[in-house]
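**Student:** The chain contents come next:
There are 4 protein chains.
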Amino acid sequence: MQHNVLDARISPYGSLDVLSRLEVGKLLSASQGNLYPLFRSCSLAVLNYGDYLDDGRELLERYKTFDIRVIQEERGIKLDLRNAPASVFVDGQMIRGINEHLFSVLRDVVYTDDAINNNPRFDLNTSDGITNAVFHILRNAGIMRPLTNPRMVVCWGGHSIPPDEYDYSKDVGHQLGLRNLDICTGCGPGAMKGPMKGAAIGHAKQRIKGQYLGISEPGIIASESPNPIVNDLVIMPDIEKRLEAFVRTGHAIVVFPGGVGTAEEILYILGILMDPENSRIPFPLIFTGPASAAGYFEMIDQFITDTLGLVARQFYRVVIDDAETVGRLVQEGVEEVRLFRKKTDDAYYFNWQLKIHSLFQQPFIPTHESMRSLDLHKGNAPHLLAAHLRRAFSGIVAGNVKESGILAIEEKGLFELHGDVSVLKPLDTLLTAFVEQQRMKLPTATTYTPCYKLLSQENTQNS
Amino acid sequence: MQHNVLDARISPYGSLDVLSRLEVGKLLSASQGNLYPLFRSCSLAVLNYGDYLDDGRELLERYKTFDIRVIQEERGIKLDLRNAPASVFVDGQMIRGINEHLFSVLRDVVYTDDAINNNPRFDLNTSDGITNAVFHILRNAGIMRPLTNPRMVVCWGGHSIPPDEYDYSKDVGHQLGLRNLDICTGCGPGAMKGPMKGAAIGHAKQRIKGQYLGISEPGIIASESPNPIVNDLVIMPDIEKRLEAFVRTGHAIVVFPGGVGTAEEILYILGILMDPENSRIPFPLIFTGPASAAGYFEMIDQFITDTLGLVARQFYRVVIDDAETVGRLVQEGVEEVRLFRKKTDDAYYFNWQLKIHSLFQQPFIPTHESMRSLDLHKGNAPHLLAAHLRRAFSGIVAGNVKESGILAIEEKGLFELHGDVSVLKPLDTLLTAFVEQQRMKLPTATTYTPCYKLLSQENTQNS
Amino acid sequence: MQHNVLDARISPYGSLDVLSRLEVGKLLSASQGNLYPLFRSCSLAVLNYGDYLDDGRELLERYKTFDIRVIQEERGIKLDLRNAPASVFVDGQMIRGINEHLFSVLRDVVYTDDAINNNPRFDLNTSDGITNAVFHILRNAGIMRPLTNPRMVVCWGGHSIPPDEYDYSKDVGHQLGLRNLDICTGCGPGAMKGPMKGAAIGHAKQRIKGQYLGISEPGIIASESPNPIVNDLVIMPDIEKRLEAFVRTGHAIVVFPGGVGTAEEILYILGILMDPENSRIPFPLIFTGPASAAGYFEMIDQFITDTLGLVARQFYRVVIDDAETVGRLVQEGVEEVRLFRKKTDDAYYFNWQLKIHSLFQQPFIPTHESMRSLDLHKGNAPHLLAAHLRRAFSGIVAGNVKESGILAIEEKGLFELHGDVSVLKPLDTLLTAFVEQQRMKLPTATTYTPCYKLLSQENTQNS
Amino acid sequence: MQHNVLDARISPYGSLDVLSRLEVGKLLSASQGNLYPLFRSCSLAVLNYGDYLDDGRELLERYKTFDIRVIQEERGIKLDLRNAPASVFVDGQMIRGINEHLFSVLRDVVYTDDAINNNPRFDLNTSDGITNAVFHILRNAGIMRPLTNPRMVVCWGGHSIPPDEYDYSKDVGHQLGLRNLDICTGCGPGAMKGPMKGAAIGHAKQRIKGQYLGISEPGIIASESPNPIVNDLVIMPDIEKRLEAFVRTGHAIVVFPGGVGTAEEILYILGILMDPENSRIPFPLIFTGPASAAGYFEMIDQFITDTLGLVARQFYRVVIDDAETVGRLVQEGVEEVRLFRKKTDDAYYFNWQLKIHSLFQQPFIPTHESMRSLDLHKGNAPHLLAAHLRRAFSGIVAGNVKESGILAIEEKGLFELHGDVSVLKPLDTLLTAFVEQQRMKLPTATTYTPCYKLLSQENTQNS
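Chains A, B, C and D, in that order, are what the protein sequence lines are.
First residue of the first sequence: 106, per the working numbering; consecutive thereafter.
First residue of the second sequence: 106, per the working numbering; consecutive thereafter.
First residue of the third sequence: 106, per the working numbering; consecutive thereafter.
First residue of the fourth sequence: 106, per the working numbering; consecutive thereafter.
Calculated from the structure, these hints are not laboratory results.
Be careful, since some hints might not be right.
One copy or two, it doesn't matter: identical chains are merged, so the pair holds either way.
[Unchecked claim] Only pairs whose alpha carbons sit at most 30 Å apart, straight line, appear in this in silico DSBU-like list of lysine-lysine:
| hint | residue 1 | residue 2 |
| --- | --- | --- |
| 1 | Lys530 | Lys183 |
| 2 | Lys448 | Lys183 |
| 3 | Lys448 | Lys517 |
| 4 | Lys169 | Lys460 |
| 5 | Lys183 | Lys447 |
| 6 | Lys169 | Lys447 |
| 7 | Lys448 | Lys460 |
| 8 | Lys131 | Lys448 |
| 9 | Lys183 | Lys169 |
| 10 | Lys183 | Lys314 |
| 11 | Lys517 | Lys483 |
| 12 | Lys447 | Lys314 |
| 13 | Lys183 | Lys460 |
| 14 | Lys558 | Lys183 |
| 15 | Lys530 | Lys483 |
| 16 | Lys314 | Lys448 |
| 17 | Lys483 | Lys314 |
| 18 | Lys448 | Lys558 |
| 19 | Lys169 | Lys517 |
| 20 | Lys314 | Lys530 |
| 21 | Lys131 | Lys558 |
| 22 | Lys460 | Lys131 |
| 23 | Lys131 | Lys447 |
| 24 | Lys530 | Lys169 |
| 25 | Lys447 | Lys517 |
| 26 | Lys558 | Lys517 |
Everything numeric in this text was worked out from a predicted model, so none of it was measured.
Looking at chain A on its own, in the form it has when it is part of the complex (with noise of 0.2 Å):
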């Protein structure tokens, strides 16, 4: 198969505007050096959008000779593209969409590159420090809203799901955008792309112009690219901090059927809301999909109360094949996280009392070593041994999907997970579940081939 390519060279839409000489030195030189790989990687998922593949491999295979260069011109910088994807393209014109994501992509990796990583003002060791270093990319970004009132809603779920849960999510973000929420998610297809489109329809009835907010990271944007619709994209630099960016930016999430990556973000949330420092701060979380997913929920729901407790299901509740329902509940959540931020005085487009434990925020590289060290044990804290799930799920999709997963899997075989047998057991039901669901991978996968094997122990870790 042929994949049509196109030159072509553009300017950014009033962002990067006022640069120091110094700046524009480093942009040009995202172009070269160690930079190079992860801009052009990141640049080249947002360029083949409407295309989506669950291996960036073999996206990067598949235009070997896509170029994208920075370069100075008369007041401002460019980007000079060659070989790009053509579908990207209306009548040799660019997308606008696509223009401001590629700039959105130059901006984060540079950004975090030389303000965060190389800048001794940032302690990337301290809570505190990451989360600092989690708010300045998001205001570098310029995605926050200080003069709104709270109205963001992130929609989590898979990003390869059958039809009626797609038309599901679009029905669920008509009912959020008729009562003027704005829209974050992964931004990819399927759940991450519905909500937004169904936003903007509800958006445009009511005549506003709304939020849509994608936040990826490199390791997942070749598999999730951004839809157009996203206007305002930012690139975290590992999943643990876009996660982050996820609750600390959201005031409400609503998570529909997905796989192994969803199942990631909700035991980060639970793990979140369960901590006991949070024990006072609202935080609106939904489960739904129409009425096929009631099984699918069922099995979540099983998963959560027999690993963490029933005293989990306090923090969400389950929803099925009812939009407006969501669409209302969410709204008054959200007005109870106002009235909350209100009588705190704290900030409206940060969520800044939320305690984020380090367990969730040190980035987790998935190994065989860190798989098989994880603490899968009823003897945790609830919210800790979330903790560890969350790393688990997240071993799992690198291990599926990512290039670094599949190549260790390759060489070293499977992924080993320890624990409970009252903590694995359920974590194998869950998966074949999922396996037999067809929620591992992207349907053109024929079948699934698992990258991990549970070793239970009867005996539990004294607490």
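Assemble chains B, C and D onto chain A, guided by the hints.
**Tutor:** Only chains B, C and D this time, still in chain A's reference frame:
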């Protein structure tokens, strides 16, 4: 079946701001006297969005207790609604788009009555007088964009179409939106809604605030309630002024498959473009549909060439199942229009140069007599024959779905149409096909009963 | 003395955008036929800004070869100027404010002629008809701000005043501007320019985009050319409609020292406020000037109480040399106006409730006969006596500075005014003082020659 | 004399919106610790607008009880003021321009301390590091307009000037404003206020929202309180960075008559323009004043040619009593600047290419020792001699009006300046003339006591 209703009091958003006492008085009186039934029925149609009915009588029947009053409050007027359909409210708040539509109805009903009909300065017996009236109604509605380049694409087609035709109309809208083109339709469901939805997504990707113009008229609005995406709504006083509004504000026309109403529109535009006085005026006209609609357009094409001659073909292009090509052709055509207007110093916002024959302008009231006296003979110049055929279709639409027409048929029997067999035969073929393809009414009706009979003559008139 | 002239072709900025062919035709014909002299002389007055002349004839004489034509070009109309005063160009470009004024003149001259004078829908023989005409001219000029709170302060006073009075008028304008109040004047030099300049600085300090409304009329514009700060200019068709425009759009009035024209304005507003039908309508009216003007206002106050009675004093306040107090009093008064309008559900943008007697509305053409027949007797109700006195002053202004008046005097001798000695004596005193203080004409004229004589009767009419 | 004071709590308008917790903490701490005296004194200077004092100590003395605190309230920070000068309040509300200035002071004081001074990423020992710091302070203040063409004109001149010079500076500002040019000054009274007022009127006539940029520094702000017309205020950390900010943001410089401070500025810009490395960079520089100032500029011109050589004349033009010509020359010069920047792909908003020698960049602290060691010899290259002379003037300004300088003189006697007689003689002549013309201090001081003595040497250094 029960229909939920609500009471509400709503304010206009920025419209109807600076009014004289006299004007306020006229608005207040729209709630009483002879304007009230018109105002009430159009308002009800706007409020019934989402629950399309082919028969306006059914709507009025359903909401018998609905009442709407104009009231004067501090700093302006408001609308007081009783027993209004509940579906246009979100958590008790009326959707803003619907709110705007209600005030558009009020504005146009009162303006047309006061400033056009009862104004000696508009001579509605002359062609220029009618065109001037059309212009003033449109300007009073604030729908013209003097500072932008031509970009308005009129989309015509059926309100009751199969899913694949609907999806295709969205695809075309998406391609138009990606090319920064706006959409104008008759504002009901089906092919009138699809292009707007598609364009809305295309505009979002291009970061454009699009214009979605709906042009309706009192006789049709009940069965073609404006979608709230419509962000400019105007109610023209009758069919002919609505059609004139389409062709004078549009810079191109795209026709999707439809029924008799669509045939009426096709005859209307062809009759104008074939007028020798318009020979040098560029006007892109494209017939398009998905693969399944190929037969439909062959049939239309056959009917056109049979009745108006092969020469008619030079005025339109048929594109099957290729939304992107439609987008490209429209864009090229609109650019030609722009250059022509520029060269001839004509406005971009109103096609003053187009000659519209009075047969197309004078309101046609379908009665047994007026139908019988239509001149369906080949001896007519093609553009005049088109005018008579347009009227024939208009009468059939009335006999099918309009209260007055249905009553007339019930009382006096079928409409009779007289003409050459070389005209009536193709007409019969077309109408029969419409019936077979269920394009005559919404599919809810079980079988279609024709409202006409064709009486052909072998001898044509002398030319 | 030579006057530099230039040719130029100018486009409108966003005004006159969406025009019908008929309207374009009417604009084009403003360059010819009976509207042309009016259009040309008003345009010339606008272009002569900065070089104020008391005598309109001198202006026409000076720029004999000046010509202005409306032409139609691609996408709209333009103005073609020949031999226009060079001083309104900066490096060959016309000052944008002047450009706007020229198109305002065109707009109002054509609109008044077409939509008011030649429109059977406006009955200018009735009080309501005149008020409606005033409203429509103002609305067509786009000068009303429906969404803002009341903030328009009308400033009256002489165009030919000493420097300390001018500086004081700037101080007052500054204090008004600091209080977010806008300024409306007759738009010439002196007390009509000072408050705008002061307010512009005050608005800049408060970061406000102020409205500087100039209301002129063809007979006065030559000697009161609009300052380019005026960002809303409207040309009313005659003196009376201009005065009505002042009092219906203004929320307060400040009067600075002036001459006969100012006296006319004082009588106008007092006659309205003293009308028993207006007794409950709040309307702040303040007479103010620097310390040197204390005597002037004592004289005015004396004249008012002598002719209209002590009761008149309750309708105005005199503030000497205290700009800040003027600012505070006006702001308080405007707030009272706001509350009153709110309570009575009246518009903020137009004072509909104010009753204006037809003696103030019907155009007064000063001739020997009309002047002679003025009814200057104490037997009249005070507000009617004020109306007659207003007309007397109006006639004297005409005899002093207007072409028609000057010619009449040259031909038939002085105007004669008849009335009670108790009215004419104060009038004589006041006029004599004006002469002595050189408030009758611009100081360029060497000596003032009266244009009237007063003929008093001992016997007053029965009351 | 008593000074009225008020308490108030004020909110920022749109600035300081999205802050991290750390940043909020830093702002809060501006109210305490070592930043407080600086923050308080600059704030007081802003609040003392309109009552200019030459001596900062007097201001602090006058408002001993003044206090200002940063507090955190719902949704952001506020300023809490105690015993603040009452003159910046209008009916109890602080003038919005002053409000903005206070938050600008807070912003710059904290940013400079935190992000510049205590940031290892800025090496203030290098020329590039200083320039980068200047850029970042200006960008953080949001004063650069990346999308507009060059239009910023820096106006320098005395804060204490006679009325005719003040009026002339307004005329020049008016001519600049009419040409769509913006104004940047040091933001005090006199020649720093006149051009802004004039430009504000010019901009109003041209319907332009102008930029009025004030650049101050802590040592001078007390005697040069920003006029509230200033709509962009930035407080640079020291004299040298303030001067660099002027020449890097300005696209042209106009110098009005002034005193020693103005002489310092003239030497600064001449020293830069005469630097051989800048030889090809266009930079319009105009000295101008009313007819009465002709002698002043002859004196300046004489001093420049005597010390820097005749060659210096090619870098400036002297225009006497012709504001329009100044306007035209500036506009032409700015157009040249635009073409040059365009050709060299340099930013319009910051003059990166200008080489500024470190003698002009390194802060000069005038002490007896540093003054004595200035190298005022002809043997220096002219641009370096200019640098030393600039420092000499800077020291004299300090000795005249700055607290530290006055105390040093009181303690240790007069500053001594050493150099060639061919340099010191012209210097003596100039300074003596300044004294005679009362250009050394505000006229309130009765007589001027010099703070320096000149010690010339016959032998010049070898070159």
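**Student:** Look at each hint and say if it fits the structure.
**Tutor:** How the hints compare with the structure:
Taking the closest pair of Cα atoms, Lys530 and Lys183 never come within 30 Å of each other, the shortest separation being 54 Å inside a single copy and 55 Å across copies. For the homomeric pair Lys448 and Lys183, the shortest alpha-carbon distance between copies (17 Å) is at most 30 Å, but the shortest distance inside one copy (46 Å) is not. Proximity of Lys448 and Lys517 under a CA criterion of 30 Å is satisfied in neither setting, with 54 Å inside one chain copy and 58 Å between copies. Taking identical chains as interchangeable, the C-alpha atoms of Lys169 and Lys460 are never at most 30 Å apart, the minima being 44 Å within one chain and 44 Å between chains.
For the identical chains of this complex, Lys183 and Lys447 are inter-copy neighbours only, at 15 Å across copies versus 43 Å inside a copy, given an alpha-carbon limit of 30 Å. Proximity of Lys169 and Lys447 under a CA criterion of 30 Å is satisfied in neither setting, with 52 Å inside one chain copy and 36 Å between copies. Taking identical chains as interchangeable, the C-alpha atoms of Lys448 and Lys460 lie at most 30 Å apart only when both belong to the same chain, with a minimum of 18 Å there against 52 Å between chains. In this homomeric assembly, Lys131 and Lys448 come within 30 Å of each other (Cα to Cα) only across copies, at 23 Å, whereas the closest approach inside a single copy is 43 Å.
Within a single copy, Lys183 and Lys169 get their C-alpha atoms as close as 22 Å, which meets the 30 Å cut-off; across copies the closest is 55 Å, which misses it. In this homomeric assembly, Lys183 and Lys314 come within 30 Å of each other (Cα to Cα) both inside a single copy, at 28 Å, and across copies, at 25 Å. In the homo-oligomer, the alpha carbons of Lys517 and Lys483 lie at most 30 Å apart inside one protomer (29 Å), although the nearest pairing across protomers, at 78 Å, exceeds that limit. In this homomeric assembly, Lys447 and Lys314 come within 30 Å of each other (Cα to Cα) only inside a single copy, at 25 Å, whereas the closest approach across copies is 32 Å.
Taking identical chains as interchangeable, the C-alpha atoms of Lys183 and Lys460 lie at most 30 Å apart only when they sit on different chains, with a minimum of 26 Å there against 41 Å within one chain. When the C-alpha separation of Lys558 and Lys183 is checked against a cutoff of 30 Å, the pair qualifies neither within a copy, at 49 Å, nor between copies, at 57 Å. In this assembly of identical chains, the alpha carbons of Lys530 and Lys483 lie at most 30 Å apart only when taken from the same copy (12 Å versus 83 Å across copies). Within a single copy, Lys314 and Lys448 get their C-alpha atoms as close as 28 Å, which meets the 30 Å cut-off; across copies the closest is 35 Å, which misses it.
Taking the shortest Cα distances, Lys483 and Lys314 never come within 30 Å of each other, neither inside one copy (47 Å) nor across copies (54 Å). Taking CA atoms no more than 30 Å apart as the test, Lys448 paired with Lys558 passes in neither setting, with 48 Å inside one copy and 64 Å between copies. Proximity of Lys169 to Lys517 under the C-alpha cut-off of 30 Å is restricted to the intra-copy arrangement: shortest distance 28 Å within a copy versus 75 Å between copies. Taking the shortest alpha-carbon separations for Lys314 and Lys530, neither the intra-copy value of 47 Å nor the inter-copy value of 53 Å comes in at or below 30 Å.
Proximity of Lys131 to Lys558 under the C-alpha cut-off of 30 Å is found in neither arrangement, the shortest distances being 45 Å within a copy and 51 Å between copies. In this homomeric assembly, Lys460 and Lys131 come within 30 Å of each other (Cα to Cα) only across copies, at 22 Å, whereas the closest approach inside a single copy is 34 Å. Only between protomers do Lys131 and Lys447 lie at most 30 Å apart by alpha-carbon distance; the minimum there is 22 Å, versus 40 Å within a single protomer. Taking the closest pair of Cα atoms, Lys530 and Lys169 never come within 30 Å of each other, the shortest separation being 43 Å inside a single copy and 62 Å across copies.
Taking CA atoms no more than 30 Å apart as the test, Lys447 paired with Lys517 passes in neither setting, with 53 Å inside one copy and 58 Å between copies. Taking the shortest alpha-carbon separations for Lys558 and Lys517, only the intra-copy value of 13 Å comes in at or below 30 Å, while the best inter-copy value is 82 Å.
Against the hints set out earlier in the document, violations occur for numbers 1, 3, 4, 6, 14, 17, 18, 20, 21, 24, 25.
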